[in-house]
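Make one complex out of these two single chains by using the hints.
In case you want the letters, here they are:
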Amino acid sequence: MKPFTVLKGIAAPMDRANVDTDMIIPKQFLKSIKRSGFGPNLFDELRYLDEGQPGQDCSNRPLNPEFPLNFPRYQGASVLLARENFGCGSSREHAPWALEDYGFRCVIAPSFADIFFNNCFKNGIVPIVLDANTVDQLFQQMYASEGYQLTIDLPAQQVITPDGEKIAFEIGAFNKHCLINGLDDIGITLQDEGEIRSFEERYRQQAPWVFQPLQ
Amino acid sequence: MAGKTLYDKLWDAHLVKMRDDGTGLIYIDRHLLHEVTSPQAFEGLRLAGRQPWRIDANIATPDHNVPSAVAERSAGVDGIADEVSRIQVITLDENCEHFGIKEFKINDVNQGIVHVVGPEQGLTLPGMTVVCGDSHTATHGAFGALAHGIGTSEVEHVLATQCLIQKKSKNMLIKVDGKLGAGVTPKDVVLHIIGVIGTAGGTGFAIEFGGEVFRNMSMEGRMTVCNMAIEGGARVGMVAVDRTTIEYVKGRPFSPKGELWDKAVAYWNTLHSDADAHFDRVIDIHAADIKPQVSWGTSPEMVVPVDAAVPTPASFDDDVKRRAAERALEYMGLQAGQPITSIKLDRVFIGSCTNSRIEDLRAAAAVVKGKKVAASIKQALVVPGSGQVKAQAEAEGLDQIFTAAGLEWREPSCSMCLAMNADKLLPGEHCASTSNRNFEGRQGFGGRTHLVSPAMAAAAAIAGHFVDVRDLVRA
Chain A
1 MKPFTVLKGI AAPMDRANVD TDMIIPKQFL KSIKRSGFGP NLFDELRYLD EGQPGQDCSN
61 RPLNPEFPLN FPRYQGASVL LARENFGCGS SREHAPWALE DYGFRCVIAP SFADIFFNNC
121 FKNGIVPIVL DANTVDQLFQ QMYASEGYQL TIDLPAQQVI TPDGEKIAFE IGAFNKHCLI
181 NGLDDIGITL QDEGEIRSFE ERYRQQAPWV FQPLQ
Chain B
1 MAGKTLYDKL WDAHLVKMRD DGTGLIYIDR HLLHEVTSPQ AFEGLRLAGR QPWRIDANIA
61 TPDHNVPSAV AERSAGVDGI ADEVSRIQVI TLDENCEHFG IKEFKINDVN QGIVHVVGPE
121 QGLTLPGMTV VCGDSHTATH GAFGALAHGI GTSEVEHVLA TQCLIQKKSK NMLIKVDGKL
181 GAGVTPKDVV LHIIGVIGTA GGTGFAIEFG GEVFRNMSME GRMTVCNMAI EGGARVGMVA
241 VDRTTIEYVK GRPFSPKGEL WDKAVAYWNT LHSDADAHFD RVIDIHAADI KPQVSWGTSP
301 EMVVPVDAAV PTPASFDDDV KRRAAERALE YMGLQAGQPI TSIKLDRVFI GSCTNSRIED
361 LRAAAAVVKG KKVAASIKQA LVVPGSGQVK AQAEAEGLDQ IFTAAGLEWR EPSCSMCLAM
421 NADKLLPGEH CASTSNRNFE GRQGFGGRTH LVSPAMAAAA AIAGHFVDVR DLVRA
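First to last, the protein sequences are chains A and B.
Taking our numbering, the leading residue of the first sequence gets 1, the next gets one more, and so forth.
Taking our numbering, the leading residue of the second sequence gets 1, the next gets one more, and so forth.
The following block holds chain B by itself, in its conformation from the complex (with noise of 0.2 Å):
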């Protein structure tokens, strides 16, 4: 008998019962909640009078609607301009305190978003079922975890019986061996992957993110990679746990301490594929083929190397995707065949669950030091992830680092990545941003959003266009 994957380890674990049906009963072990998503799901445990099942499995924290500016924020839920917005995040406050979940309220340092927050606290644990109604909870797969995204009735669901109906997803392994060249970054990985698999490559699978180039990156880098796994498709993206896993987990507020620690750090041990396992999928990827990414067009498949050319729709042999191609460059402004470094910026935006981290700030502070923002660039703004990421940058001067170069230092929020708060772009601007969807409008109506790592936006601030951040690290 073959060994089993990662992810049939989680979900042996989790199983419940399987159904007559196929499907099977999944125990969830922690539920991560936000102010959009969770209002209709409280509305109907209200109606039907039921009760959470497990009040400690539940943590929330707004964040999508949140103001980064930092006038707006510092008086609170009250001081949200916006009403719709301030209602939507008043009411995750209330429902949190009507049915005693522990939330992280606005202004509380340790607010973030959701999926800077679940981790740096130690709620994401190794080994834990991680669900939230957002797509991008695929992040904690970076610890050795199943998580995923679900919508509003499954998280209702999830409250009232701290389970989901699960169809068991196929096994897909995207194995990356070799070593990533300087100016590399997780980013430009997990774009380089989506641009091979294409965003529908992953659907129906649980993709393990495995190889030498996984098993050299940090937590946080892990973590970026693991979030953009829904971009390619696949609800669940995951890292096996190794030793880089434990020393992250260990000592974090929520983490086990003592003879808890010991016992749990010897079941995690466990959590890797097995040697023999079967993949019903293997995509071999080589590190030295990677170079820094950029989107060009409206899905995250649509992605070139800094040093290509946006491409020609007829280079696309399947008539949907040419189509696409054509409709993406119209709405992008874009010219076929015109270099990507040629593509001006109006906006930079550093942040989002995919890039908000420490490390991140680190990459995108050391190409903007003793720098300036292009006159050109109307606004880069730097959102943290969390008010821990914050204090921590600030404790490193990273904050002085970004003000002195024209960029503005924002508070924890989603900020310019959906545009759910006053940040986003304006019909027509080109914006270089971290975070993890190209899609048209999400930036803002008509806006057009170019994806990229860290370093690359800090270099495109600088330069008023993309830029090849290679050659600044060979310089």
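Okay, chain A solo, but in the shape it has when bound (with noise of 0.2 Å):
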């Protein structure tokens, strides 16, 4: 996983409420057995104006003009402005793999849901969770400035517009420290292996029926 430590990129706007796993990326793409390469795929029924199909060149598809992502003032996007409830629906971390994939590495919304929540740690994207009407700001402020950039400082826990202004934002002490260290959870956790051994074998007296062969 990519360390993330002080972001400052363009930002740009997924501007409805809602937005569900299927639409960051639909169904035919999860069909990949790799973990990368889902970029030219992000939000693809929102993006262009035939049906995608796993493996095709996007690079001659029809855009959607009225996309946002698809206009020239938003290329190169790193941060995400969006709505309520983002990333709801199914749990396929394919998501922010597209999202990753194509250059976004943090998502600012008024809430999100929780398993894409989730899944965002696991791949170097930071979840920033700010209050409605300060989102709406930010979204106001992109809108009237093209170019609008906004710096993430994970280590001060700060979102800085281009006025200077810094807002402040929550993160959970482990998830922040394996994002600037870019570290793999699962090493961490074996680190607990004695303590995961030792609980076993007690829950395995307790609740014997949960450990009884399947073969």
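Think of the hints as simulated: they come from the structure by calculation, not from any bench.
Fair warning: this is a prediction, and the values are worked out from it, not measured in the lab.
Derived pair list, reagent style DSSO-like, types lysine-lysine, alpha-carbon separation capped at 27 Å:
no. : chain 1 : residue 1 : chain 2 : residue 2
1   : A       : K8        : A       : K166
2   : B       : K170      : A       : K176
3   : A       : K34       : B       : K105
Okay, the calculated beta carbon distance ranges per label pair:
no. : chain 1 : residue 1 : chain 2 : residue 2 : range
4   : A       : P62       : B       : G333      : 19 to 25 Å
5   : B       : G446      : A       : P162      : 35 to 41 Å
6   : B       : K168      : A       : L63       : 43 to 49 Å
7   : A       : P208      : B       : A391      : 28 to 34 Å
8   : A       : A168      : B       : Q335      : 44 to 50 Å
For each residue, glycine too, the CB sits at the ideal point set by N, CA and C.
Encoded structure:
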């Protein structure tokens, strides 16, 4: 996982509530057995006018001229501004994979769906919850100013606007630690291997039916 | 000190340790795997040189990419026409073989939708922690289990460590008291609940469904309700253990037997919220207020009773909701104010992890028996949730009832719920679907999904448009 410390990047809008993970990456692309290469199909049904197919070269597909990510001003964006309940629906981790592959390293919204929120941290994406009014202000500032950039200072837990306004955000200490250091949390959990083993032995005595062989 | 909720009890029973940052390390009892969300996790294990922590915690079956068409299915995995789908199913087979994980393969009679297979095999047991790389894992909460969907990185984490790092959720109780009217089913109950709390209403909560309606509900009904907890924003939905739970679990292939059974039952009988347990949020709903439901929009919260009309965007006081409704009406090709019963349908889908169990098929068959699918319906699919459900339905003659009425009887798979196999809507088509999500494009590019119960879907297949199934029950 790529470490995340301070990011300064163009902000782009996904200006609707309840954006589901089917919208972020439609099901036909979930047939891939890889973790990478989902970026060209991020928001596929909104971004293109035709129906996308897995493995297709997207460079010649007809773009939806009304979809903001296709506007020249948002090219190269790495911060996504979104509305309530972003990432609801399916647990597919292909959603953060697609966002990351496209180039987004941060999503700012008033609220996120739980599973998506969790999946972001495993992929070097910072999901930032700010109150709805603040998010709305950021949307307005972004719309008003082409090339609008936000700075995400993860160690300081601040979103910094071009005017220098610093907006504090909350993040779990463990998630922050893993993001900043680019750590794989399996390795961290396995540091507790002894405790897991002793729990398992105790629990096996209490609930032996859980441990029946399946073969 | 206040008593514990069911969720608190399940959490405490599986807590390996609390960590310094306030998250818990939770032990996982059962891990279900399917072909879509597992390949990258297995690859991760291989790359890191890790082995699964406890092989017998894991059970796999392919479901999302598996064809439902009888002819395509008969040749097994090699017969899957879509090469990308075929590779994904083969990859699951290879990974299970490599690591020694038990799998019900494509043409095993026990294969099926993972959330149908777990319970019917007794692999899902009360009191367990159950996870799967699939958000509808909430289904298993019907057994008084702590069950939720996870991402692929967490699939790998569970394989490698048998644990998950979790933040404890808040407790929500949704209580439905009274008696459901004739023609009102568990699907209508959960759609009504989502209409009340909204699609983010349960975010951050574990929901317990309590009250008379759930006490009187069958296990299959409870699974339908818990299945859609995620559509209300909650990763976890649960129902307390009672006699109905125990009776369902008894005698299943992987349920404990003999002395082990007695010991298990003694523990399972403690799996309910204490009378003085504290819930952070309580929602009371009267059963009599629940009518058969139909979704009109592109989010599961956009749902109304069948005797209502498509709402006008102006009726939403919140600006974000109003814009969402406008966009949904445009996508769905519906007029504000038009009666739900005036919505004409092109296809009907009866299946999915929400509604593909035997009781669902019986309810649909009862409606179509001796009738014919309307000429305007291009296709009506019935897709049983597992090989076992299919066999049971055929033993009862339900397949004959469906085919005589003009519905297609298919092979177990996720099918048109998410259109990863060949079953999908064409742009602009309206579908009465017993599945769980009406998102844009969910059932096919440009497709228009209306979520309903099996009986409502069956009635719509006969009429060609939505009808109030209560009228059929009364007649």
